[in-house]
Amino acid sequence: MSDTEKFPASLYGPAERRMAESLVEIERQALLDQRECECQDGMFNALTRRGLLMGGVALGGSAFAVGQARAEAPPGAIEYHVQPDPTKEQGRLILEDGGYGSRSQFENEVRWRYPTASIDSSWSMTPLASGKGMITPSGLHFERHHGGIPAIDPARHELLLHGMVDKPLRFTMDDLKRLPSVSKIHFIECSGNGLTEWAQPTLKTVQGTHGLTSTSEWTGVRLSTVLEMAGVQDGAAWILAEGADAAVMTRSVPIDKAMGDAILAYAQNGEALRPEQGYPLRLLLPGYEGNTHIKWLRRLEVSDKPFMTREETSKYTDLMPDGTARQFSLEMEAKSVITFPSGAMKLPRPGFYEVTGIAWSGRGKIKKVEVSADGGATWKEATLDGPVLDKCHTRFRLPWTWTGEEAVLQSRAVDETGYVQPTLAELVEVRGLKSVYHLNAIQSWHIAPGGEVTNVHA
Amino acid sequence: MFTRNMTLICAMGALTGLMAAPALGQEGNRTSAALPETLDGTGERAPMKVPRSSAESVGEIAPAENAYGVGQEATEEQIAAIDIDVMPDGRGLPEGSGTYAEGEELYETNCAACHGSDMMGVSELGAPRLIGGRGTLASDAPVKTVESYWPYASTFFDYTHRAMPMDAPGSLAADEVYAISAYVLGRAGIASSEPDSVMDAETLAGIEMPNANGFVADPRPDINE
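Protein chains in written order, with our numbering: chain C, 1 to 458; chain P, 1001 to 1225.
In short, the hints are calculated from the structure, not lab data. Keep in mind it's a predicted model, so treat the numbers as computed, not measured. Do not rely on the hints blindly, as some may be mistaken.
Claimed, not checked - Derived, one-sided and incomplete: chain C residues facing chain P with beta-carbon distance under 8 angstroms:
| # | residue |
| --- | --- |
| 1 | 117 |
| 2 | 248 |
| 3 | 323 |
| 4 | 422 |
| 5 | 426 |
| 6 | 427 |
Claimed, not checked - Computed list of lysine to any residue pairs in SDA-like fashion (alpha-carbon distance at most 20 angstroms, straight line):
| # | chain 1 | residue 1 | chain 2 | residue 2 |
| --- | --- | --- | --- | --- |
| 7 | C | 315 | P | 1134 |
| 8 | C | 380 | C | 407 |
| 9 | C | 257 | P | 1218 |
| 10 | C | 167 | P | 1083 |
| 11 | C | 305 | P | 1217 |
| 12 | C | 315 | P | 1142 |
| 13 | C | 434 | P | 1138 |
| 14 | C | 167 | P | 1080 |
| 15 | C | 184 | C | 267 |
| 16 | C | 368 | C | 423 |
| 17 | C | 315 | P | 1028 |
| 18 | C | 184 | C | 274 |
| 19 | C | 204 | C | 114 |
| 20 | C | 315 | P | 1139 |
| 21 | C | 167 | P | 1082 |
| 22 | C | 305 | P | 1090 |
| 23 | C | 434 | C | 320 |
| 24 | C | 368 | P | 1224 |
| 25 | C | 434 | P | 1134 |
| 26 | C | 315 | P | 1122 |
| 27 | C | 184 | C | 363 |
| 28 | C | 434 | P | 1088 |
| 29 | C | 305 | P | 1088 |
| 30 | C | 315 | P | 1128 |
| 31 | C | 257 | C | 236 |
| 32 | P | 1049 | C | 157 |
| 33 | C | 315 | P | 1121 |
| 34 | C | 167 | P | 1079 |
| 35 | C | 434 | P | 1140 |
Ideal placement from N, C-alpha and C gives every residue a C-beta, glycine not left out.
Let the sequences and hints guide you as you build the complete structure.
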């Protein structure tokens, strides 16, 4: 059958026919190339058909010498053939990605693992420096696990609700998805965010100093919905949340929070939760420290007292200079950081730069962000990108002209309660240097005359 | 690498356990999802299946009264199967007991590889020190251990029972956790270090930890403007 018969003029215009014919030709060549590939011991297995077709000729002897025909695309990307002039040849075929898209092979931001001694206990941080807007891509949301990332089939996962309730209940994931739901955009911040920065500037980048905060749209069932179904008894004051990971992670949550804005979340940014974010179900406690947002949630137990789990006694408590430790310091206080320019960048030359960053508060909305370019001597109010949401990253921006002289950039957030983000000196004066958690001080980035941006205490 | 391998072994153990567990009314064990089926005629991908309530019958539906016909009542047995938490007053402690001497043997087998026979921890493994450090919390170099910092013995039992040892979390029987508690708290000078001394629900709940009164409620906001 000729191509003219395949694509008759009654159904195809001239342009469509040329397109269809070229696709047939591409397919034919690709199939030929695939056969060549097979006879070469799978040397090109990693190449896409189109990549081989378009790039095969250009591959020099060196590629054969190393036995590798393509470079590694960054995580989350597929390396497609790069056209010398994309206006002169057809682009890649639709659904070549299998029907689930990936980012460009030219984008390379990745989470970074904080180098703890043991890889079994560590955390990965969000690359805030290149972040845009308020949403964190799901694949870049920070991680903190205490027993690895379980792979759970949602068809086999249940949530048990018991304790001081009239009727203990079991829910399958299907059950939870049948209940009234909400979608809310909230940040989650680990209370250990910045723990390296108390005594001296330690990490170089904003990913290292502030990358344990991320924002997603979360969808799920209000925790209050299932608590009302079960009937909370008089005297109930706390609720234990427990995960189905190897740590069987547990935290106690005040019942008022549970009956307030807490969500049993099964979706993140419009799709199911990512496994490292608790798939198929996590607790979301807007504004509370990240550790309480129990992932892989399997059990809720209502009680009159907190359970005093390991995480809320020996960890996630804040040691004060007098030797006492603050416990259940759950709310994340207002905080902001300039993400551009930020540590380890280099401004190429004096000129216009838009200073931008994020601000957030666990006690409500951000009311104001001010920016200083002189280490806090003078401040200018930044523009806030709307919508400004409750307990959510808020993007701020301020146009700035760098004259080429030394500068210290800082940002200072004020939330709707009137709380003003403190300086590090103010925090240390009250809390000392041993409290580890809840560092929400103003961050300083020093700009050297050469344009180098460094993390400083100023 | 050592600990990573241990984690792998533990993951395999967990998988075995999972496969032995009864499926929740679902078909077999899956390792991943299949792509949505294509519909006859148009070839479109099928949409999600409408989630089905696990309730045997939906009964009377009254959303205003929290009656959605969704979910099931949990039985005592179902709750007991995963209700493992222990509270400071001893609520939740299982039956059983163990001695200091039994604990010493169990500790050497299950705990010493990471926490050290001397209980001083092995930092390269991320395994914390368990004993010592009393009187250091107000100093410039606080040492936070079970002995110096943990406010409740129940927490030690609960955590050891649910998440230790790292290469086989949740594998220790109640008697074993009582014995290990007797040994570690004995070595810490908190409980008796007589080889025959017994730890059980009653003795554990009666233990007063050195730092029991070391915690205060969150006073924030605490910074004056």
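Each hint, compared with the structure:
Annotation: interface hint on residue 117 of chain C holds; nearest CB of chain P at approximately 5 angstroms, less than 8 angstroms. Satisfaction of the interface hint for residue 248 of chain C is found here, the shortest Cβ-Cβ separation to chain P being roughly 4 angstroms, below the 8 angstroms cut-off. At its closest, the beta carbon of residue 323 of chain C sits 3 angstroms from a beta carbon of chain P; the interface hint therefore holds under the 8 angstroms criterion. At a threshold of 8 angstroms, the smallest CB-CB gap from residue 422 of chain C to chain P is about 4 angstroms, leaving the interface hint in force.
With its C-beta approaching chain P no nearer than about 5 angstroms, residue 426 of chain C sits inside the 8 angstroms limit, and its interface hint holds. Checking residue 427 of chain C against chain P: minimum C-beta separation of about 6 angstroms stays under 8 angstroms; hint holds. Taking the CA atoms of residue 315 of chain C and residue 1134 of chain P, the gap is near 17 angstroms; set against the 20 angstroms cutoff, the hint holds. Taking the CA atoms of residue 380 of chain C and residue 407 of chain C, the gap is about 15 angstroms. The hint holds against a cut of 20 angstroms.
A distance of roughly 15 angstroms separates the Cα atoms of residue 257 of chain C and residue 1218 of chain P; the hinted pair therefore holds under the 20 angstroms criterion. With a C-alpha separation of about 16 angstroms, the suggested pair residue 167 of chain C and residue 1083 of chain P falls inside the 20 angstroms cut-off, and the hint holds. With a C-alpha separation of about 14 angstroms, the suggested pair residue 305 of chain C and residue 1217 of chain P falls inside the 20 angstroms cut-off, and the hint holds. The straight-line distance between the Cα atoms of residue 315 of chain C and residue 1142 of chain P is roughly 14 angstroms, inside the 20 angstroms bound, and the hint therefore holds.
As the CA atoms of residue 434 of chain C and residue 1138 of chain P are separated by approximately 9 angstroms, the hinted pair is consistent with the 20 angstroms bound. For a cut-off of 20 angstroms, the pair hint linking residue 167 of chain C to residue 1080 of chain P stands: about 15 angstroms separates their Cα positions. Among the hinted pairs, residue 184 of chain C with residue 267 of chain C is consistent with the structure: their alpha-carbon atoms are about 11 angstroms apart, no more than 20 angstroms. Pair hint residue 368 of chain C plus residue 423 of chain C holds up; C-alpha atoms about 16 angstroms apart against a cutoff of 20 angstroms.
For the proposed pair residue 315 of chain C and residue 1028 of chain P, the alpha carbon gap of about 39 angstroms is over 20 angstroms, so the pair is violated. A distance of roughly 17 angstroms separates the Cα atoms of residue 184 of chain C and residue 274 of chain C; the hinted pair therefore holds under the 20 angstroms criterion. For a cut-off of 20 angstroms, the pair hint linking residue 204 of chain C to residue 114 of chain C stands: about 12 angstroms separates their Cα positions. Restraint check for residue 315 of chain C and residue 1139 of chain P: the C-alpha separation of about 18 angstroms stays at or below 20 angstroms, so the hint holds.
Between residue 167 of chain C and residue 1082 of chain P the CA atoms are separated by roughly 17 angstroms; this keeps the pair inside 20 angstroms, and the hint holds. Distance hint between residue 305 of chain C and residue 1090 of chain P is fulfilled; the C-alpha atoms sit about 12 angstroms from each other, no more than 20 angstroms. Between residue 434 of chain C and residue 320 of chain C, the direct Cα distance comes to roughly 7 angstroms. Compliance with the 20 angstroms bound is thereby established for this hinted pair. For the proposed pair residue 368 of chain C and residue 1224 of chain P, the alpha carbon gap of about 18 angstroms is at most 20 angstroms, so the pair holds.
In summary, the hint linking residue 434 of chain C to residue 1134 of chain P is supported, as the alpha carbons are separated by about 16 angstroms, within the 20 angstroms threshold. A threshold of 20 angstroms between alpha carbons decides the hint, and for residue 315 of chain C with residue 1122 of chain P the separation of about 18 angstroms falls inside it, so the pair holds. Of the pairs offered as hints, the one joining residue 184 of chain C and residue 363 of chain C holds, with about 15 angstroms between alpha carbons and a cut-off of 20 angstroms not exceeded. With a C-alpha separation of about 26 angstroms, the suggested pairing of residue 434 of chain C with residue 1088 of chain P is violated against the 20 angstroms cut-off.
Restraint check for residue 305 of chain C and residue 1088 of chain P: satisfied, since their Cα atoms lie roughly 9 angstroms apart, inside the 20 angstroms limit. With a CA separation close to 12 angstroms, the supplied pair residue 315 of chain C and residue 1128 of chain P stays within the 20 angstroms bound. Among the hinted pairs, residue 257 of chain C with residue 236 of chain C is consistent with the structure: their alpha-carbon atoms are about 12 angstroms apart, no more than 20 angstroms. For the suggested pair residue 1049 of chain P and residue 157 of chain C, the alpha carbons sit about 17 angstroms apart, so the restraint of at most 20 angstroms is met.
With a C-alpha separation of about 16 angstroms, the suggested pair residue 315 of chain C and residue 1121 of chain P falls inside the 20 angstroms cut-off, and the hint holds. Between residue 167 of chain C and residue 1079 of chain P, the direct Cα distance comes to roughly 12 angstroms. Compliance with the 20 angstroms bound is thereby established for this hinted pair. Only pairs whose Cα atoms come within 20 angstroms are accepted, and residue 434 of chain C paired with residue 1140 of chain P is accepted, the gap being roughly 8 angstroms.
Checked against the numbered hints above, the structure breaks hints 17, 28 and satisfies the rest.
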